[in-house]
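> Chains as they are written, first to last, in the numbering used here: chain A, 1 to 379; chain B, 380 to 742; chain C, 743 to 1237; chain D, 1238 to 1413.
Please note that a few of the clues may not be correct.
Partial pick of chain D residues on the chain C-facing surface, computed with a CB cut under 8 Å [as the list claims (entries may be wrong)]:
1. 1258
2. 1276
3. 1277
4. 1280
5. 1283
6. 1284
7. 1287
8. 1401
Derived from the structure by calculation, the hints contain no laboratory data. Cβ coordinates follow ideal geometry from the N, Cα and C atoms, glycine included.
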Amino acid sequence: MDPITLYPIGAYQPMPFPAPVWLMETLLVVGFFIHAIPMNVALMGGITSAILLFQGKNKPESYQQRAGKQIAASLPLFTTAAITNGIVPLLFLQILYGPLTYTSSILMAVPWLSVLFLLVIGYYGLYIFNYGQNKLGEKSPWFLLGSSVLFMVIAFFFSNNMTLMLTPEKFLPMYQASPSGMHLNLSEPTLIPRFVHFVLAAVAVTGLAIGSFGLYFKKKDDGYATWLIKTGAGLFLGITLLQTIVGPWFLFTLPGPVQQQFFDVNGAGFMGLNKMASHLFRTSLGLDVIALIAMAIAYVKGSSKAFITGLVSALLLIGAMSEMRHLVRVFSISNILDPNTHAVQPQTEILIIFLVLFVALILYLGWLAKIVHKAYQNK
Amino acid sequence: MAFETFKKMNLLKFGYDWLNQRVPLEAAIKFATKKEVPVHKHSIWYYMGGICMLFVVLQLVTGLLLMVHYVPSYEGAYQSVMAINNKIPFGWLIRSMHSWGANLFIAILVIHMFSTYFMKAYRSPRELTWFSGLGLIGLAMVFGFTGYLLPMDEMAFFATKVGVDVAGEAPFIGELVANFVRGGEEVGQATMNRFFLIHVCALPAALMGALGLHLLLIQIHGISEPEYFKKLSIKKYEKFFPDFIMNDMFVWGGVTLLFLAIVCLNPWPLGPTIDPSAPAPIGIKPEWYFLSQFQVLKLMPSQFLFFEGAHVAMAIIGAAASTMVLIPFLDTGKNPTISKLATIWGVVFLIALGVLTYMGLQV
Amino acid sequence: MSYPVWEVPNIGNGWIIGLIAIFHVFISHFAIGGGAFLALTETLAYKKNDDRIYDYIKKHSKFFLLLTTVLGAVSGVGIWWAIGLANPSGASVLIQNFGLFWGAEWTFFAAELATFLAYYYTMGKMDKKNHCVLAWIYFGISFGTLFVINGILTGMLTNGGWLNAQGNIVGTVYDSFFNPAFWPALAIRLFIMFALAGIYALLTASTIKGQDDLKQYLLRYSAKWMLPGLIAGPLFVVWYMFTLPPATQQVIVSGLSSLGEGNFSMMAKVIFLCIVFATGLIGMVIVGPFLNPKGFNTTFALMLLASGFGFMFTEEWSREMMRKPYVIYNYMYSNGLRKNQIAQVNADGFFKSNAWARAEGATLAKEDTVGHGKLMFRYQCMSCHTATGNGYRSMARLLGERDENAIANLITLMKDNHVILSEESKDEKGNTVITTKAKTPYNGYMPPVVGHQDELDALSKYLVTLSKKGMEAGAEKAEAQMATESAPQSTTTKS
Amino acid sequence: MMMMMATGQEEKIETPPTFDYSAETAGETMSRRLFMGGMIGVFGAVMAAVAAGPLLSYLWPPKSTAIKIDKLVLGKVAEFPAGTSKNFKFGSIPALFIHSPDGSMHAFNATCSHLGCTVQYQQAKNNIYCACHGGTYDPATGNVVAGPPPEGLHKLLASVEAGEIVIRPEKAGAKA
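Let's have the full structure, built from the sequences with the hints guiding it.
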């Protein structure tokens, strides 16, 4: 039978890619990394700060109150960064895997588009807390909590779309059931473990953010700083230990052939089929262990050095995970859609301009951070 | 004129002086600047009269323009309106403005009327202003009724037919009146002539008179202030000229934009041509501002006590309308209980109008 | 042509893009023009060293923050998402073609947001002069985002040397980016941005309480932001009009001069409305805040804002309609069909050329003509038409009383929508004159219908079921069926 | 004032000067006022143009619907004995046919060249006469005989074909 009637996926447009595939893949992964960090804090920071605020309810001067308010104040910034940086991975995802992502998005058009509305409402929830906490009083943390819940719904929709695009065999029956874009990918076995794994990771990253706040206050207020580091490290530690259950759960729901690329019980030293994937998998396990140990020390002692070690290894770990996430995608669909087969004709000038602007952006953001810091130092 | 003095005077001043020597411009401006408009939280309703004025002007202008191409004959009317709609540049705009304008004019008149009703602006010494206003609403509705026939499409024909037949239901003189309005037994060329004449000659003249009286009385009595405002210790006013006029112009601008947006995006349609032998089209109903009255007629059983239902219905409509006429004499502002009752009656009246119109729209 | 069609009842999926886009444009233009406003106003405050103006700027920039960084930014992403849902083929052309431009725009966008946040949070904490500089940097960077997106947007309509007449790509992406309309469109957008910045500022200034002198001063100051558009706007609009494709120019000119003639005057009506809104808006600003700042209040400011929205709505709507029937002019039609693909699809057949139509068609019985016709409709027409009811450009309404023959003729006619006939004739002096004329009246309004003849027949069979006649016939058929279903009983009694 | 502003840059002043803007709003310089006034004037003109365009195009008379015809059968020869005439419409042009007492047949565009009245044939005087201002033309050639008309009548071609009088425009007739 005609294969396209089983897998009705579109073709790329008959024009060459504007940049080499490897470069765009790199930008996709880097983009996801710089999106994931602020996104994670924005996602679970609301719940975390609300819990801290509820804990310190009747103690206005308590660390919990202070930390809760400071985290909440930073959340709009994290949200802004998350949205802005989210554009990069989505852009390159569309270039490289457009025929799949467009289709899966259309199938779940309504929830997919509702993300925007949820985002706006959640975003304003954060501002309502920050500008209205004096008026709202004790009720105000509920707004943070509400925002977090809305953001979790968004995360859930994203999980749906990112898994749905990998299973084109579902496209046709789904579309024929209803063309008005009301589907979700609930039948997907990896959906729930993937979602839980990612949401828990977001709590851990929020822990990293709290600890980093501690590093910032180290010179000003040592007691508070130590408390922040301990709290942040503890949060990371607890959640990451929990991930030792959720992680494998997620791993083992992945389709067998994809698993085998990363590790293989029958292979030499569990070596998987794909060399890079296997090394990456092992490295991340190693980074995980380092981060756990360092955070354990930081949790007990409140040491900033231990925390920094843990932070760096955790960030590296997130980077490695981002790449692995990408590899899972590649392995799942390489036999259906392979961007490497499409012609490339680099738009050299604009490519150079883009890369120069990218570097300039980083330098500019550094400068901006410096002058803002200075302004706050003076006052 | 010496060159130096000419240089000092700019053109605007020259024109002003020239006019002022011939008409009492200065006095008029002095009068207008002396006049003041109260500023309070209900001030927004003061703009309704101005908006009504805007629509009067728009209707007059677009009506005049329509007559350039309109042919008031039983056979030719439809063709000419079709040409205006489809052939003549911007004809659709002028006609849609006129048709939409007629409806919006009545809507805004109703709003204007109820806003003044609830602000109790009908009280002494403004009874005559109130009556002239009621007269203007009546005129507007007759305008609407007579104008509806003129394009001579299917809906227009049957709506007129039904409308005149309703008048024929009136006791004793009904049939007489109906025949008089129709100019015969059937809606035809004679009806057309009458409606056209009423619409473009008689009513505009009457409107000018009633409107002139209305505006003159407003100038004489000034703008009415709500009770609570009168009691305030610090009252804020703005000058009628130029401040309030400027505000008025601003509002006119906004209303015109909204109006044109409605008109351009939903040009007024023209139905199929008439076929007097055809049955009345499904879903035929009078214009919305007649629906409430129409609905009362419909709701009434054919026999009510000892009277014919239609007669009772007309009596009810008449009684309700007459409360609006009598209200300045009933609620003079001296008795707070009556004042409150008048407000309640206004609300009841408004709700009844709304509900009846809504019911009429349903079928 | 290779994606499923997201069906949105009543309004059609195109309006999902439209509504989000218009909403976004209304805010994003403020984000850029408002940057200039903040910079100039802060310079003013600095020169006068007046804390009252600083206080106003603080209030205004908080409003700015809440509006642009949240609604503006999210709705911008929203357009992108919506075009991916409603017109994935068009979106993927843009993405594949301009991907790196978007990347460059992103750097500006990220810097823009960061700068504004830095600006906002350092207000009153930083040296006043440096803070002023920050405002100017913000404006400069946000202008960068406009610069990039303007090239992509205008390139969708006037793509310069990028394409040849047959719709084949012959130029580079830069031909499309720096297209003839690039500069006039950039200027027009800037003027609109300044005007919108003024209108939003009128809103915030109208809320100043208890300082009448400052309020009136700021109102007049904000009203003057209409000036650039008033002075130079018309010039650039004329320039812009001359850069448009000749066919589009023709439709506009003939539409505007004979408004009302024919059924295709919607675009002309919207352009007319746009002109009305522009002049009306400026008139309102003159009689309102400029000449009479005393009487200007927040209600009036909201009225101005609504009128401004009306202007943006008609402006963006007419710009979209000018591109009709293409999504990328002369390259891709709004239904995803590429112009250079037509001959191929007509030869191969539509179902063979469209992955989704083929897949869906395979699930149907071969003799199900109406079903196949429905698929033709879905993949060729639904990007602009809704099927039943009274929805946006609903076929049921448009077909009206047409019967089977009329519909079949219509489809035959529309097969040649892209064909331009050229005629050679001699003028009085004996020179050869070539006049070109579209073969069908739908050229410039609709894409051609493509496919084999039997596929076109299937489409008209389906359309018949939508038309009034078809609906009535369908109802009769159902009644007849009910009658025959009850018939057997009577036949049994007979036998 | 300038001094204060200049120092304001260097060190913070506790209470910066507050401006009274009412004076500033009122006292704009003359040239700026003129400019603004001019702008309002220009805008008024633009607005008038925006309104006038549609209005004029609405009021502009539609293109004349002149009917041009190449041939008109007036009737049987027997209906027009010598010495009779007939005013008729040739397309949208008023025309005059004369069967002269001498038997010749002539047809003219009946528009008087003076002020455009329609002329008539006076059988008794055997001339073409315009009742408006007394212009008189020769019934055979259409040349002016008396009165104010500056030039003669435009000729049409009258001929007899199969017993019917047929009128044609002069040029087409000449070519044929």
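> For the restraint on residue 1284(D), tell me whether the closest CB of chain C is nearer than 8 Å.
5 Å, holds
> Grab the minimum C-beta distance from residue 1401(D) to chain C and call the hint holds if it beats 8 Å, violated otherwise.
37 Å, violated
> Can we keep the residue 1287(D) interface hint, with Cβ of chain C closer than 8 Å?
With a minimum Cβ separation of about 5 Å from chain C (threshold 8 Å), the hint on residue 1287(D) holds.
> Tell me if residue 1283(D) is really an interface residue toward chain C, meaning its C-beta lies closer than 8 Å to one of theirs.
6 Å, holds
> Does the closest beta carbon of chain C sit nearer than 8 Å to the beta carbon of residue 1276(D)?
6 Å, holds
> Hint residue 1277(D) vs chain C: min CB-CB distance below 8 Å?
With a minimum Cβ separation of about 6 Å from chain C (threshold 8 Å), the hint on residue 1277(D) holds.
> Restraint: residue 1280(D) near chain C, CB-CB cut 8 Å. Satisfied or not?
Status holds, d = 6 Å.
> Holds or violated: residue 1258(D) as interface residue toward chain C, Cβ cutoff 8 Å?
It holds, given that the least Cβ distance between residue 1258(D) and chain C is near 4 Å, below 8 Å.
Consistency note: the structure conflicts with earlier hint 8 alone.
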